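**Q** So you can see what is in the structure, the chains are spelled out below.
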Amino acid sequence: MPVITPPPVDLVAILPLLIVSVSAMVVLIVGLFVRQEQSPVLAAISLVGVGAAIVATVALWGQNRVAYSGAVVADDFFVFFGVVCLGIVALTIVLSSEFAAREGFSAGEYYTLLLFTGAGMLVLSSARDLIVLLIGLEVLSISLYVLTGFARERLTSEEAAIKYFLLGAFSLSFLVYGIALMYGATGSTQFDAIATALQSGDLLRNPLLLAACGLILVGFAFKLSLVPFHMWTPDVYEGAPTSITAFMSVGTKAAVFAALLRLLTEALPALRGDWANILWGLAILSMVLGNFAAVTQKNVKRMLAYSGVAQAGYMLIGVVAAGTAGRNALMFYVAAYAVTNLGAFAVVQGLSGKTDENTDVLEFDGLASRSPVLAGAMAIFMLSLAGVPATAGFMAKLYVFNAAIQGGYLDLAIIGVLTSAVATFYYLKMIVAMYMRPADAGAVAIRVPASLALIVVVTVILTIQMGVLPSFQLNAAQATASLLALH
Amino acid sequence: MLAPLPYYLILSAVLFTIGIFGFLFRKNPLIMFMSIELMLNAANLTFVSFARYLGSLSGQVIVFFVMTIAAAEVVVGLAIIVSIFRARASIDVDEIHLLKD
Amino acid sequence: MGMIAFVIIAVVAIVGAAGMVLSRNAVHSALLLVANLFCVALLYLSLNADFLAVVQVIVYAGAIMVLFLFVVTLLNPSQRETPDQLHGQGWVAGVLAVVLLAEVAGVILSGVFGMIKTTATPPAVDWGDNVHAVGALLYSQFLFPFELTSILLLVAIVGATVLAKRRL
Amino acid sequence: MNLSGIPILTLIVFLPLVGAIPILFFRRTDTLLIRTWTLLVSLAEFVLSLSLILGFDPGATGPQFVERAPWVPTLGIQYYLGADGISLAMVLLTTFLTFIAVIGSWGAMDTERCKEYAGFLLLLETGVLGSFVALDLVLFFAFWEAMLVPAYLLVGTCGGRRRIYAAYKFFLYTAVGSLLMLVGILGVYAIHIQQGNPPTFDLQTLAATPIPANLQVWAFLAFALAFAIKVPIWPLHTWLPDLYSETPLGALVLVTMLVKVGAYGFIRFAIPLFPEAAVTLAPIIAALGLVGILYAGVSAFVQRDFVMVIAYSSIAHLGFIVLGIFEFNHQALEGAVVQMVNHGISAGALFLIAGMIYARTKSTSFDALGGVAAKWPVLGGFGLVAMLSSVGLPGLNGFVGEFLIVYGTFIARQGYAVVAALGIIVAAVYLLTMFQRAMHGPIVPTLSGPDLSLREVATLIPLVALMVAIGLYPAPLLNSLETSVDQVNGHVQTVEAAPSAHVALVREGR
Amino acid sequence: MVNNVWLVLLFPLIGFVWCLLFGRLWPRLSGWIASLTIGLAFVAAVSVLIGLLALEPGDRIRIGTLYTWIGSGSVSVPLGILVDPLSTVMILVVTGVSFVIHVYATGYMHDDPGYGRFFCYMNLFVLSMLVLVLSDNFLLLMVGWAGVGLCSYLLIAFWFEKPEAAAAGVKAFVVNAIGDAGLILASSLILLTFKSLDYVTVFTSAKETLAVGGGTVTAITLLLLVAAVAKSAQLPLYVWLPDAMAGPTPVSALIHAATMVTAGVYLIARASPLFTLAPFTMGLIAWIGAITALFAATIGLVKPNIKRVLAYSTVSQLGYMFLAVGVGGFAAGIFHLMAHAFFKALLFLAAGAVIHALAGEEDMRKMGGLWKKLPFAYWTFLAATLAISGFPGFSGFFSKDEIISLAFTSDRGNVALGIIALVTAGLTAVYMFRAFFMTFHGESRVDEHVAEHLHRPGLAMVAPLVVLGVLSVIGGYVQFPGGGFTSFLTPAFTYFGVTPATESGLNPTISGLSVVVVLLGIVIAWAIWYRNPKTATSLGKSFGPVRAALLNDYGVDALYSLVVVGAVRGLGNVCSGLVDALVLDGIVDGVAESVRGISVGVARLESGYVRTYAVAILTGAIVIIAFMARGGV
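Protein chains in written order, with our numbering: chain Z, 1036 to 1522; chain S, -7 to 93; chain E, 1055 to 1222; chain U, -6 to 503; chain V, 47 to 679.
In isolation and in its complexed conformation, chain Z is listed as follows (with noise of 0.2 Å):
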């Protein structure tokens, strides 16, 4: 009869992910007892443990603790990726503070679920186990799921869930699935005994590992809608309610690509020649796809939903032409995309209405003369995602085309940079729109709550910030990718 021999607890690897779990079951607690209009509370308990997390989190910077059977670890490279993931969390907080102070809303299990996707989160860009990777992504989609689903007076948001829920069920079959050959093929869901087995060269041409590769892959592009697997993206993302769009628009990004990042580097790098020939596709296809799609889109939510599409495209790119210039791309295009798509939706949010219905390109018409700082920082953010230089987006483009081209893939740049051309198009129409064009007769100045003005500014400052001096981030990012190198 084997002796149950659990592994030396070390709470310090996990710290993050406990403050999060623990501030998640504090806010749901406090939440039963807090009226509808002392929301705020909830939302201030929330950052406070997000703050808290983030601490913890930069706090294990250049440790490289490796926990639980090997099943997490927290390098830098998490390090990096959890204070991206948590930032968005507390940002998505703060945005969504005005819309969750409304009646009838559940404002407790709201920023219970936020703050589990943040442990989710953690838990994905931290997993050196598929089993984890799993949970960790169930932790996050789960309660996607049920927070796309959040707007309640909106026929459209609950469609939005079950069209979200269903696909990613189905999507996540075929991860399970890919996960199951995997474990046939190596013996292991560990990614250093993966890599370990893989190392004798015996399995490399095995098709049942490459089947389970590619089912793998398959479960990851649809969480970070690639083209075809995307589908599903500009219908929740219209859906949904702006602040959990904005949320998934970048969270899911982020974290999904940590995980990814890691499990091709860390576990299956003798099969790079495989995966990156697939993942070269797929970003071909997002970026092309996604940007074309998005020029005639009506709406402001469904054009960023293509928008992010070709986004995650070229943060593909990163991932494709890998080594350390890759890895540094990557990490630099999710840090700047996920602020300056945030403020857009961000802005979105503050025209969007008290119903989060108002979301139509029209309704952008003259937001010059309505609100100028609303407008200013939507331009500023149209212009980062076109990659306009000053602007984080420059850099990151400028991030990734490099790294592809070090990395020998000119194609992708090439493409790269036409399709940017194309997004141009409507990036520009947005201002356009509000620049250009003449405010409804009957449109009156809009008011910017406080909470959303503080992310408007925070957002535009750091856009600014990563375009023009964006070496902090950078050395970060460096600091971090050199020391994943060394697995």
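Cβ-Cβ distance ranges computed for the label pairs, FRET-style:
1) Z/D1395 to V/R676: 44 to 52 Å
2) Z/Q1098 to E/G1189: 28 to 36 Å
3) S/A79 to Z/K1333: 27 to 35 Å
4) Z/D1475 to V/E207: 46 to 54 Å
5) S/R80 to Z/A1476: 35 to 43 Å
6) U/I46 to V/G530: 52 to 60 Å
7) V/P282 to U/L447: 46 to 54 Å
8) Z/V1479 to U/S356: 30 to 38 Å
Calculated from the structure, these hints are not laboratory results.
Since we're looking at a predicted model, the values are computed, not measured.
Think of the CB as a built atom: it goes at the ideal place given N, C-alpha and C, for glycine as much as any other residue.
Dock chains S, E, U and V against chain Z, hints included.
**A** Frame of chain Z, contents of chains S, E, U and V only:
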């Protein structure tokens, strides 16, 4: 006593495929969801089969986790389905497409 | 002997699955799925996964499928499906499914023999008390994911509660 | 004057940007404050830029006023500014024209769009200036792209009726080209690194990097496309008439600097980085320049609008500049740079005059004009001088550049020079015809209002003074260009001096 | 004294700047200052002449440099001037005749609202011409060259409210621009060949550098010829000059007599060291000159407008000058240039007096019998007519006679050229006396109303007529004794090794022939237009088609407007209307449209059906697995 491993694997592949077919074919979200359960089961069967042939227990433990995941999904999924279709005359995913281009 | 049993169980499982997919009545589908799950549980047993077999029956066939049935009956079960708005969806689904099956089957058949460890006859393992063994593994090597599942379940519960709160 | 220790270029580049910030906080209705502030900023900027003259050493090789600091050290991107004679001329022209543009827009800015107008104008100035002094490829690209945005917004918010179409077209046209240049930049960088060098985007270092000939051609084309669109070289020019006809005419004075950045790009980046490819493709590009001269010339002849004629004439003038750049000899290149300055002055003056006509008649269409010079003799007189400067009348500025270009072309490709001379005749045809249609003839009854005000005269006088000054005594300008021009051509001449090596490289590449 | 040459330039510059600044404020004063400055320039020019005469004949060349104008690499062009007999003659003629015209204009333009502007342009005109003739290099020459073109444009279009005046101005400028282009190319080629644009450098090394009749020198001279032909209104680029009559009459006088059109002759004379190396070009020049002379003379026979007749006579006389320089008679050409300046200025000013008197009437069919009413104009016009016709003893006789005989006898001349010159001399007498008789004799056809209010010329207009009248009569005697003018001028050519062809005294045969021809012409004119004016009408009828052809310049003008203007307009419409708007923008918009189209197509996949999305996922999965497994064994 034991059938060879490929038999198990093929069986699970067949089950997995039937699940996929069901998901694509049926319009009833409940049956689509059941199809997903079928797919997960197929995956589980693969895990267990491999576990047996690898002589490693961890496959079984993983199945345990997958079941948990499935359960969690069922809870939330059914709740979503109920909340949408309770008020409707028909249970048909094709009926819900307000969101499209 | 094992082969015969396997074939019978497999056939039943496939028939159950196919029936689930094709049945016009959602209740029938659910019951056919239970049958399938039961067959899989039997296969678990054949694979020395006693604990899982039991869990499969209790949790899956028991709890989860009951939940399904409950919802099915809640949502007007007698209703017939309307004609498909997506023309040719059945054909597309069928063809794609067959292609995928062919692919996966091909992959399995060509791949599984390349794996030295698994092509040999299965090791005669004695996991002793399977429940104990699984438990031991769960609390040692898989401690972290195990703890994580608590979060997962909590999320599910909270989510279900929120969703339920509104219209039920 | 010793300017060492003072980051003079940084100050010059970013003063307008800083000056634009307070405008954000001015009240929209307080246009006088906004305009006065903008005027002060542009004046201060101009005065500041004049200090460069004092510190400039015309004989020195290499960039002067150098500022160098790591920007993104991990990639080897530097904040690297420096100016040679060519940059200096362009910088001074830009600050001067901005100042003129602000005075010239004084009346036109008095609208509810004043804030945008002023702000974007200043931002545009920063972008243009940055492009002229950046010596790091990424830094240059950043300025280059950043310059588009205020131009785009300026046209889009303050422009004419078809402003959105024009702004869109401009941005997309230029965006496509510039993005490929980014690929080109990264390509050169990658080659540099592959040869085992530390990463850098330093122009001079990369220019010294040997690049295989076949790659050179592609990389050159990636750069050239961006610059060719911006210049614009035929047949990539159709954005320009649309943009110019929709841009507020005062601001257009500065917007004309955009095309000069394109030409500058060839001189500073495309040719030094890829001399062999430049030599190989020079006949084609120069020929396109020629086509542009004649094509735009005859097109200008049939235009029905004052501004459109000048827009097409700009294309023709830029054709001369392109021709001059791609002859790779001292006179042609120097002439091209002089002509860049001239184009800013002449076209600027003509646009200002168009703006003054527009302010009085609300139209610049020939259908609504006639007898303008009779009705407003002072306006007509300034218009005449500006027009003649654009024609290239000897004794005015345009001639110096045109002659040097024609002579330089003559040295290398005599047939081209003959065609270019034909272009000079065509220029006389369409510009004189324009003047005849708008300024001469019977006074149409719709003209009303006074002749030029003192402010308007004050706007034009500096420009006219420069036309005469450069026309009669271009030595200061030419002298400051001598060394710089030789340095640019030096990249090419080493190629031409060793034709056998060139051929060998081509073969190796393939 | 020679250094006073700077003053020759300075005074008109002062006048120009003064008129530019104060012309509108004090128009009268400005007119006088303008005239005064030109007068002072003339005085300065005379002092230059005196200074030059004090030097040895072989040493009469001086160069002064202000500063380096264009210095680019190896190219260095100074702002410098050259004083030699040729330029001295030119500045004397230019300033002298211009001064007279200025004075005249103060009276003629008295009532014009653009008085100040007029003198501003006039002074700039003179200044440009002086720069042209004084320049010591080809590039600075071009400044003056284009400057006179500009001023001709400004002055022809002086009354620019009149559409035909504006159009005539444009025409003048554009045709001149063709010449400018030729000059730029010529300069480029010279610079490339000689590494310099200085006259002295180029001309002294011409013989060593260039082979006689070689391609380079032929190309250079042909390009210079293009410039000269355009500026001097020779075939085929003469078309601007007749239209230039749209300007005020003093302007015509200035353009035709003192400045502008003579520049082409001057250029050829100046660049004679190059031209003499290019026999082909020389022959071409002679032929162009001869044919133009004849061509314009025939047109002059029929034109009813007095100024137009004078214009064609100018073209014709310039043809003579071309002929002269073409056959190597550079001094003869310049001599005729000077004589022509006198009598042509006089003709215009006298005609101007008539036009002024008749309140702007220029049609000779509405004149007649004016000899009693306008005696000064009558006598001076007669003097000038005799001079231009080459009536013995008058200035034109000496100069033209020399040309005719050179055409026959010079090395480069031949009988054909001589006969053409001779015939043209006769025709000149015919059409000039036609104009004379139609204007001053016969019955008055003047409008009654105008006749009652005849403007009599004031002193400012009469004095110039008298001065020029005297000069027209005696101007030819500068050749005496012993070819004094030619011998003064010759060092300017011999200095660079060019020996201009000269006549050794009067050739009795040719002189006699030409006298006969001229007299015959006068008689014919007398017979047709004086004795019985009906003859003219009947002749006109019997030669209807010929007359129509002549009236329409043989259709040259129409051909130009059709071919040149039509071609440019047509090309322009194709380029901007078709290629730009449809093809290029079509491509751009087409790209944008197809992006939009693809976008709509792609977006249409987004049907909203979950199961469709699932199909996409499954398809993607199948492809990916196939791709991955493909790499397997």
